[in-house]
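Student: Residues per chain, in single letters:
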Amino acid sequence: MNDHVSTDEYPLIKECLSGDRDKYAVLVDRYKTMVYSVAYRMLGDAEAANDMAQESFISAYAGLKSFHFGSKFSSWLYRIAVNKCRDYLRGKKEMVSLDAIAEVSACRDVTPEEAASCRQTEDVVQKALNMLPEDYREIIILKHIEELDYKEIAAILGVGVNALKVRSHRGREMLKKILQEKTVAAQ
Amino acid sequence: MIKDKDILHKLLDGEGSPEERKKSESQVQADPALRKEYEDLARSLRTVKEGGRVPAPAFFTAEVMSKLPPRRVSYGERVREFFFRGRILRWNLASGLAAVGVVIITAALMLRLYNKPVETSSAHLQGESVIIVRLNFYAPQAARVAVAGDFNKWNVSANILSKKNGGIWTTELPLKPGVYTYMFIVDGKTWVTDPRAETYRDDGFGYNNSVLRIKT
Numbered sequence: 001m002n003d004h005v006s007t008d009e010y011p012l013i014k015e016c017l018s019g020d021r022d023k024y025a026v027l028v029d030r031y032k033t034m035v036y037s038v039a040y041r042m043l044g045d046a047e048a049a050n051d052m053a054q055e056s057f058i059s060a061y062a063g064l065k066s067f068h069f070g071s072k073f074s075s076w077l078y079r080i081a082v083n084k085c086r087d088y089l090r091g092k093k094e095m096v097s098l099d100a101i102a103e104v105s106a107c108r109d110v111t112p113e114e115a116a117s118c119r120q121t122e123d124v125v126q127k128a129l130n131m132l133p134e135d136y137r138e139i140i141i142l143k144h145i146e147e148l149d150y151k152e153i154a155a156i157l158g159v160g161v162n163a164l165k166v167r168s169h170r171g172r173e174m175l176k177k178i179l180q181e182k183t184v185a186a187q
Numbered sequence: 001m002i003k004d005k006d007i008l009h010k011l012l013d014g015e016g017s018p019e020e021r022k023k024s025e026s027q028v029q030a031d032p033a034l035r036k037e038y039e040d041l042a043r044s045l046r047t048v049k050e051g052g053r054v055p056a057p058a059f060f061t062a063e064v065m066s067k068l069p070p071r072r073v074s075y076g077e078r079v080r081e082f083f084f085r086g087r088i089l090r091w092n093l094a095s096g097l098a099a100v101g102v103v104i105i106t107a108a109l110m111l112r113l114y115n116k117p118v119e120t121s122s123a124h125l126q127g128e129s130v131i132i133v134r135l136n137f138y139a140p141q142a143a144r145v146a147v148a149g150d151f152n153k154w155n156v157s158a159n160i161l162s163k164k165n166g167g168i169w170t171t172e173l174p175l176k177p178g179v180y181t182y183m184f185i186v187d188g189k190t191w192v193t194d195p196r197a198e199t200y201r202d203d204g205f206g207y208n209n210s211v212l213r214i215k216t
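Residue numbers (this note's numbering), protein chains in the order written: chain W, 1 to 187; chain V, 1 to 216.
Mixed in with the good hints, there may be bad ones.
With a Cα cut of at most 20 Å, we get these calculated EDC-like pairs of lysine to aspartate or glutamate [claimed, not checked]:
id, chain 1, residue 1, chain 2, residue 2
1, W, Lys177, V, Asp6
2, V, Lys49, W, Glu181
3, W, Lys151, V, Asp13
4, V, Lys22, V, Asp6
5, V, Lys164, W, Asp20
6, W, Lys23, V, Glu198
7, W, Lys165, V, Asp6
8, W, Lys176, V, Glu39
9, V, Lys163, W, Asp123
10, V, Lys164, W, Asp29
11, W, Lys165, V, Asp40
12, V, Lys10, W, Glu173
13, W, Lys151, V, Asp6
14, V, Lys163, W, Asp45
15, W, Lys165, V, Asp187
16, V, Lys49, W, Asp20
17, V, Lys49, W, Glu147
18, V, Lys67, W, Asp29
19, V, Lys49, W, Glu134
20, W, Lys127, V, Asp40
21, W, Lys176, V, Asp4
22, W, Lys176, V, Glu198
23, V, Lys49, W, Glu55
24, V, Lys36, W, Glu173
25, V, Lys10, W, Asp123
26, W, Lys176, V, Glu63
27, W, Lys165, V, Glu37
28, W, Lys165, V, Asp13
29, V, Lys67, W, Asp22
30, W, Lys151, V, Glu15
31, V, Lys49, W, Asp123
32, W, Lys32, V, Glu63
33, V, Lys67, W, Asp149
34, V, Lys10, W, Glu47
35, W, Lys23, V, Glu63
36, W, Lys176, V, Glu50
37, V, Lys67, W, Glu55
38, W, Lys72, V, Glu39
39, V, Lys49, W, Glu173
In case anyone wonders, no lab produced these hints; they're calculated from the structure.
Produce the entire structure from the sequences given, and follow the hints as far as they go.
Tutor: Right, here's the structure in full:
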């Protein structure tokens with residue numbers, strides 16, 4: 001999904017900067033799936049993801065003047081979206097972790113029939129991501145869903161490549177453990 | 001063991017020269033515990049990858065556009081605005097050569113600045129104080145866009161927009177001077193505030209109606 005390397009959005013950004021708002025709709029349309037998806041995977045909540053994704057685009061519009069031509073627009077948007085999600089999680093920290101616990105146990109203490117339907121509807125990936133610490137979740141999403149390379153992720157998160165790799169390795173180990181437990185619990 | 005795990009992650013990331021990778025691969029193959037570890041890791045990453053991206057809700061773009069801060073009006077636009085509104089005033093007072101002159105000049109300007117169809121001007125001349133307002137709405141994925149407002153008694157099928165190039169929907173409404181509230185209805189069910197509206201007004205249901213002001 002690393003397909004926005006081109007700079008063909010530069011003219012669009014320039015037109016937005018000169019006051020043509022309709023051109024911004026083209027940019028939003030082009031990047032909405034990317035931004036919304038990152039927010040959804042980070043927050044595990046469709047409503048919050050919609051809010052944060054919308055806010056990301058509104059902030060990006062307001063700060064478009066500070067976009068550095070020569071860099072990737074997608075990276076810049078990723079950074080804004082990740083920061084919005086971090087802010088949201090910081091504000092909701094306690095509530096989110098309680099929700100996560102409630103959701104995880106919801107599929108365990110039920111009758112076999114209920115458990116079967118529970119398994120069908122539950123998004124295993126999202127539940128596993130919800131259980132990861134925030135910084136591990138970020139790297140797993142950017143590396144394995146958005147399929148970015150370490151260099152680009154380093155630029156987005158403002159972390160060195162080596163530190164990022166350590167984080168990624170630990171995140172993967174933890175993810176593996178969570179998914180294994182989930183499979184065992186589902187059997 | 002930590003060093004062995006490093007090998008696994010390097011393999012997962014496809015790092016190292018082909019020779020190094022080959023060496024690591026045979027090392028993993030030779031050790032059952034290491035091989036299981038690698039397979040488990042690879043499987044969990046595959047699961048995440050298959051989960052993939054999540055599509056954004058319908059009308060996401062329109063909602064973002066309706067929430068953008070109001071734009072600053074440039075000097076050039078103010079000049080255009082002056083002519084646009086000035087024209088209506090002149091026609092109301094149209095009673096002499098001077099006024100005709102203004103009409104000709106402003107009509108020429110309008111044609112250049114807005115690329116407006118000529119029949120628009122004739123509509124102006126028929127109903128003295130009726131002017132044609134063009135509404136544009138960006139919704140590339142929509143199958144049908146209508147506009148409802150107090151000018152058509154909020155009838156959702158009275159004014160259907162037609163689709164132009166680039167996902168823009170457009171319609172022209174003959175309106176008398178006044179203040180109107182309206183909203184777009186996408187695919188017959190979703191009500192969307194016009195992101196380009198001059199101002200907004202709370203509709204009492206948690207949404208903002210777009211406000212259109214036509215001065216005399």
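Student: All hints are to be evaluated individually against the structure, with a verdict given for each.
Tutor: Here is what the structure says about each hint:
1. Restraint check: the Cα-Cα separation between lysine 177 (chain W) and aspartate 6 (chain V) comes to about 17 Å, which is no more than 20 Å; the hinted pair holds.
2. For the hint linking lysine 49 (chain V) to glutamate 181 (chain W), the alpha-carbon distance of about 19 Å falls within 20 Å, and the restraint holds.
3. Taking the CA atoms of lysine 151 (chain W) and aspartate 13 (chain V), the gap is about 13 Å. The hint holds against a cut of 20 Å.
4. A threshold of 20 Å between alpha carbons decides the hint, and for lysine 22 (chain V) with aspartate 6 (chain V) the separation of about 15 Å falls inside it, so the pair holds.
5. Among the hinted pairs, lysine 164 (chain V) with aspartate 20 (chain W) is consistent with the structure: their alpha-carbon atoms are about 18 Å apart, no more than 20 Å.
6. In summary, the hint linking lysine 23 (chain W) to glutamate 198 (chain V) is supported, as the alpha carbons are separated by about 18 Å, within the 20 Å threshold.
7. A distance of roughly 10 Å separates the Cα atoms of lysine 165 (chain W) and aspartate 6 (chain V); the hinted pair therefore holds under the 20 Å criterion.
8. Restraint check for lysine 176 (chain W) and glutamate 39 (chain V): satisfied, since their Cα atoms lie roughly 10 Å apart, inside the 20 Å limit.
9. Taking the CA atoms of lysine 163 (chain V) and aspartate 123 (chain W), the gap is near 38 Å; set against the 20 Å cutoff, the hint is violated.
10. A threshold of 20 Å between alpha carbons decides the hint, and for lysine 164 (chain V) with aspartate 29 (chain W) the separation of about 17 Å falls inside it, so the pair holds.
11. This hinted pair checks out: lysine 165 (chain W) and aspartate 40 (chain V) have alpha carbons roughly 19 Å apart, not beyond 20 Å.
12. Taking the CA atoms of lysine 10 (chain V) and glutamate 173 (chain W), the gap is near 13 Å; set against the 20 Å cutoff, the hint holds.
13. The hinted pair formed by lysine 151 (chain W) and aspartate 6 (chain V) meets the criterion: a straight-line CA distance of about 19 Å does not exceed 20 Å.
14. At most 20 Å may separate the alpha-carbon atoms for a hinted pair to count; lysine 163 (chain V) and aspartate 45 (chain W) exceed this at roughly 34 Å.
15. With a CA separation close to 47 Å, the supplied pair lysine 165 (chain W) and aspartate 187 (chain V) exceeds the 20 Å bound.
16. Only pairs whose Cα atoms come within 20 Å are accepted, and lysine 49 (chain V) paired with aspartate 20 (chain W) is rejected, the gap being roughly 37 Å.
17. This hinted pair checks out: lysine 49 (chain V) and glutamate 147 (chain W) have alpha carbons roughly 9 Å apart, not beyond 20 Å.
18. With a C-alpha separation of about 15 Å, the suggested pairing of lysine 67 (chain V) with aspartate 29 (chain W) holds against the 20 Å cut-off.
19. The suggested pairing of lysine 49 (chain V) with glutamate 134 (chain W) holds, with an alpha-carbon distance near 18 Å, which does not exceed 20 Å.
20. Taking the CA atoms of lysine 127 (chain W) and aspartate 40 (chain V), the gap is about 18 Å. The hint holds against a cut of 20 Å.
21. With a CA separation close to 17 Å, the supplied pair lysine 176 (chain W) and aspartate 4 (chain V) stays within the 20 Å bound.
22. Between lysine 176 (chain W) and glutamate 198 (chain V), the direct Cα distance comes to roughly 53 Å. Violation of the 20 Å bound is thereby established for this hinted pair.
23. Using a Cα cut-off of 20 Å, the hinted pair lysine 49 (chain V) and glutamate 55 (chain W) is violated, with the two alpha carbons roughly 26 Å apart.
24. Note on lysine 36 (chain V) and glutamate 173 (chain W): the hinted pairing holds, with a Cα-Cα distance of about 13 Å set against a maximum of 20 Å.
25. At roughly 28 Å between alpha-carbon atoms, lysine 10 (chain V) and aspartate 123 (chain W) are farther apart than 20 Å, so this suggested pair is violated.
26. For the proposed pair lysine 176 (chain W) and glutamate 63 (chain V), the alpha carbon gap of about 38 Å is over 20 Å, so the pair is violated.
27. Between lysine 165 (chain W) and glutamate 37 (chain V) the CA atoms are separated by roughly 18 Å; this keeps the pair inside 20 Å, and the hint holds.
28. Proximity of lysine 165 (chain W) to aspartate 13 (chain V) is assessed by CA-CA distance (about 10 Å); at most 20 Å being required, the pair is judged to hold.
29. A hinted pair counts as satisfied when its Cα atoms are at most 20 Å apart, and lysine 67 (chain V) with aspartate 22 (chain W) qualifies at roughly 13 Å.
30. For the hint linking lysine 151 (chain W) to glutamate 15 (chain V), the alpha-carbon distance of about 13 Å falls within 20 Å, and the restraint holds.
31. Distance hint between lysine 49 (chain V) and aspartate 123 (chain W) is fulfilled; the C-alpha atoms sit about 13 Å from each other, no more than 20 Å.
32. Pair hint lysine 32 (chain W) plus glutamate 63 (chain V) holds up; C-alpha atoms about 11 Å apart against a cutoff of 20 Å.
33. Only pairs whose Cα atoms come within 20 Å are accepted, and lysine 67 (chain V) paired with aspartate 149 (chain W) is rejected, the gap being roughly 33 Å.
34. Between lysine 10 (chain V) and glutamate 47 (chain W), the direct Cα distance comes to roughly 37 Å. Violation of the 20 Å bound is thereby established for this hinted pair.
35. A hinted pair counts as satisfied when its Cα atoms are at most 20 Å apart, and lysine 23 (chain W) with glutamate 63 (chain V) qualifies at roughly 15 Å.
36. Pair hint lysine 176 (chain W) plus glutamate 50 (chain V) holds up; C-alpha atoms about 15 Å apart against a cutoff of 20 Å.
37. About 9 Å separates the Cα atoms of lysine 67 (chain V) and glutamate 55 (chain W), which keeps this hinted pair within 20 Å; it holds.
38. For the hint pairing lysine 72 (chain W) with glutamate 39 (chain V), the CA-to-CA distance comes to about 35 Å; that exceeds 20 Å, so the pair is violated.
39. Taken as a hint, the lysine 49 (chain V) and glutamate 173 (chain W) pair is honoured in the structure, with Cα atoms around 16 Å apart against an allowance of 20 Å.
Against the hints set out earlier in the document, violations occur for numbers 9, 14, 15, 16, 22, 23, 25, 26, 33, 34 and 38.
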